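> Following the hints, put chain D in place on chain Z, whose structure we already have.
These protein sequences, in sequence, are chains Z and D. Residue 160 in the numbering used here sits at position 160 of the first sequence, with consecutive numbering throughout. When you read off a place in the second sequence, starting at 1, and then add 1000, the result is the number in the numbering used here.
In short, the hints are calculated from the structure, not lab data. All values derive from a computational prediction rather than experimental measurement. All C-beta atoms, glycine included, are put in the ideal place defined by N, C-alpha and C. Any given hint could turn out to be false.
[Said to hold, decoys possible] Derived DMTMM-like pairs (lysine to aspartate or glutamate); straight-line CA-CA distance at most 25 Å:
(1) D:K1307 / Z:E396
(2) D:K1138 / D:D1018
(3) D:K1307 / Z:D393
(4) D:K1138 / D:E1070
(5) D:K1307 / Z:E370
[Unchecked claim] Cβ pair distances, simulated, as ranges:
(6) Z:L313 / D:E1060: 56 to 66 Å
(7) Z:A303 / D:D1081: 25 to 35 Å
(8) D:G1191 / Z:A216: 51 to 61 Å
(9) Z:A303 / D:E1418: 23 to 33 Å
(10) Z:P217 / D:K1172: 53 to 63 Å
(11) D:E1418 / Z:E273: 52 to 62 Å
(12) D:V1320 / Z:G329: 53 to 63 Å
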Amino acid sequence: MDLQLPISGAGIEDEQRAFADAVRGWADRELIARRGTLREDYDALLRPALRGLLLELGLQAHLWPEAQGGDGQRPEEAAMTLALALEQVGRGDVGVGFVAACQLATAAAIRGGERSAALAPLLCPSGGEAIVAPVLPTLELGPPGPTGGQGRPWGRPAQATARADGERWIVDGEDTRPLGCGQDAALLAVLCRLEPAGSAGLLLVPADAAGVRRGAPIRQTGLAAARNCLVTFRGVVVPGAQLALEGEARGLRTWLALFLAALSSGALLSGLEILGDWAESRVIKGRGQRFVDNSLVAELMAALIQRSTLVRLVVRDLARVLGQPGEHGAADTAPVSLAALGAAQQVARWAGEGLSRAMELMGSAGYATEWNLERHWRDTRTLRSLLGSPTLDRLELAACCFGHGGH
Amino acid sequence: MRGIDQITRPLEYLSPMDDLLGGIVRRWADERVIPNRRSFDEDWREHRLIEPALDRLLGELGLQRVLFPEELGGWGLGHSDHLGVASMRLMEEIARADSGIAVAVGVTFWPLLLICREPHVSWRLCREIAPMFCGTTKACLAANAMTEPQGGADIENLDLLRGSTITTTAAKDGDEWVINGHKLWPTNTGGAAGLLAVVCTTRTGSSDPEDLAVIFVPADRPGVTQGAPYQKAGMAADKNGDVWLEDVRVPLWYRACGPGDDFRYFKEVIAFGNMGSIAMVSGVMLNAYEVLQRFANQARVGGRTLKEHDATAGVLADIVADLEVIRISGYQYARMLDRRDLYGPPWSDEIVAKGRALKYSACDRALRSLGRALDVMESFGVDREWDLEKHWRDLKIIQLWMGGKQLCQMETARWYFECESL
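So here's chain Z without its partners, still in its complex pose:
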């Protein structure tokens, strides 16, 4: 059963297709063939898969110059390659792809900056995987903290502060919530409010630095590979060179948006494959009628294929936008960043709704863990929540388009 409709391959080179095919084969072998028995077992399935993806397939080194131990790809050149590859990883396990996405988005945002050469050993260490936990602004709970609101109706405050102390920074933040990976990260990419200037900056903080303390686990609906926990920073000393980016690190969110959109697309593709396999052997209404021959079912399944096609189109177009900064603007500019975030939120919603409809068709098999469909549904829901509230982000888009954002 062919579950994909043709879409334009403009701008996709043979080499990029070949890499995506290699990742597809890897996902089939290492994740899809094994997840039926190992489910979401971190030690037996997910962690080995992460090592394979980051080190053996080489995703971790993809964006770093050869001189720094990498493959020498620039982010804009690699946008399509990585989108296609992560789509295939998402077919296997969205959580594994999410961990890679955090690492790649951080690298993409930093790469090319003044300090990237100095930071390469942190993000691309020789011989080991560098799991990165982004600690980005989030909704604030409880009384206002030292980081404060930003005075804009969509403004989530930074979760930590970094105080200048000569050539170094002193980082503080209580019970911060990483986007994911807090438990296993070697590196925390912390968007801090810089003091005394009051501006923002992205600091790379090794997880084993003195004063970094991991707290209670955060048990999330999905993304079992990205085990998370609260992280507290108390007087953590960070060398000045580890201020990777000055400003709000929009680029990180932009790249993350592309990668999470690709993962959502992969999850929906996998959901269609699962539904297709399941449907082949089903009959309904006791008359020997094949499940897929029923018009209600057939219409719904076709709608899912259309939805998946739409999702793949948006992901590829977003990759093209990020691949052409000269034409559309750089990833860290507001219009591109807001376009990426809005597209990713929409894609995650479409994918989640598609998986939800697929579950409806499969009935109890849809929510039984045995079929792995519900896991994609939980994972895409988690991605959608981590991408943030579309309501709030639309206010920033409104401000960008109309010059104000209301309140």
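Positioned in the frame of chain Z, the structure of chain D alone reads:
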């Protein structure tokens, strides 16, 4: 602060007993379930946390006795013309804490309706079965063994298939039934059920309603095997598994209502199932409202609490508006089940179709609302600490059971548009 009791209920439908019972269940939920429910997902196989909560509610507080006649130690609600509304209230309160427990309780009542509810009370079976439920302070769960491997929801599609796809057979042998077959997914199986109501046929392939039989089988009868529970996306308190019946023997009078009547009154079971499902959706949404209230009062963006943020307040308003509609429609349907004088018998095709329509509409509406609530809460929404994601997972299962949305659509279209071939 305003709370869930300000969400509209049609007070003219409620009896004083409803609030008394509802209050008892709410206290149980607040004390015994809500503090532990975040660990229920890990308890899906063993029920170390869940079983004591069920023992308290069903055994010690006695909820498992409600349908049986007073003469047999029950509360006599089977005779009441308030059973629908009382059930709505109870299921809603239980589901506010945990809809998995709500379905375990609700499905226990399901087969008992066939023998405890007027006008089809079977005193002989009530006398036989009542001690399992009324003579103990331990929870006793029942299962409605209906779904089979080959047919999914075909058996519930009564109007179209009339039992013709059922492969579980009941053959007469002297004064006993001999039952053989394989059932999948009944709630309260996986080793939990003490009593099974087996939906079977007395003539394989027959679409004659007289051949559809519902036969009670104590789960400890020789030949009954319950498999291990399945692992699911949620609803850990509801154990589901395989049930194999191999030459299981029970007396002939263990058949629920008799030829023709089993078929007829099984539709009443379906109607109550739809009402119970809407009650659970309502309960889930009530607790979602509580969670959102707490969150929107604490969380801040742009220097304001979320509830004072106009754009977010619009979303919150949509969610509570959906809850109002779901709750009032659930109570209306429950009252329709009670008022046969106005709406006809609860086993009629009309009542079943209206239940299907309201159930799938409530599920769709609630899923959309909970999705938006999760959006509002950003990363906190998918954090188990806030309970909203649990309700979202459970709600999806409510939507999918009893034939799922598509069967609901077909039964709805079939009645309202008088379809002849669906």
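> Confirm or reject each hint.
Hints and how they fare:
A C-alpha spacing of about 19 Å is found between K1307 (chain D) and E396 (chain Z), which places the hinted pair at or below 25 Å, so the restraint holds. Distance restraint check for K1138 (chain D) and D1018 (chain D): the Cα-Cα separation of roughly 24 Å lies within the 25 Å cut-off, and the hinted pair is therefore satisfied. In summary, the hint linking K1307 (chain D) to D393 (chain Z) is supported, as the alpha carbons are separated by about 17 Å, within the 25 Å threshold. Taking the CA atoms of K1138 (chain D) and E1070 (chain D), the gap is near 19 Å; set against the 25 Å cutoff, the hint holds.
As the CA atoms of K1307 (chain D) and E370 (chain Z) are separated by approximately 40 Å, the hinted pair breaks the 25 Å bound. At roughly 59 Å, the beta carbons of L313 (chain Z) and E1060 (chain D) sit within the given window of 56 to 66 Å. Roughly 44 Å separates the CB atoms of A303 (chain Z) and D1081 (chain D), a value that falls outside the hinted 25 to 35 Å. For G1191 (chain D) paired with A216 (chain Z), a C-beta distance near 34 Å fails the hint of 51 to 61 Å.
Checked against the hint of 23 to 33 Å, the C-beta distance between A303 (chain Z) and E1418 (chain D) comes to roughly 27 Å, which is consistent with it. A hinted range of 53 to 63 Å for the beta carbons of P217 (chain Z) and K1172 (chain D) is consistent with their spacing of about 58 Å. Checking the proposed 52 to 62 Å range against E1418 (chain D) and E273 (chain Z) shows it is violated: the Cβ atoms sit about 39 Å from each other. For V1320 (chain D) and G329 (chain Z), the hinted distance range of 53 to 63 Å is not satisfied, since their beta carbons lie about 41 Å from each other.
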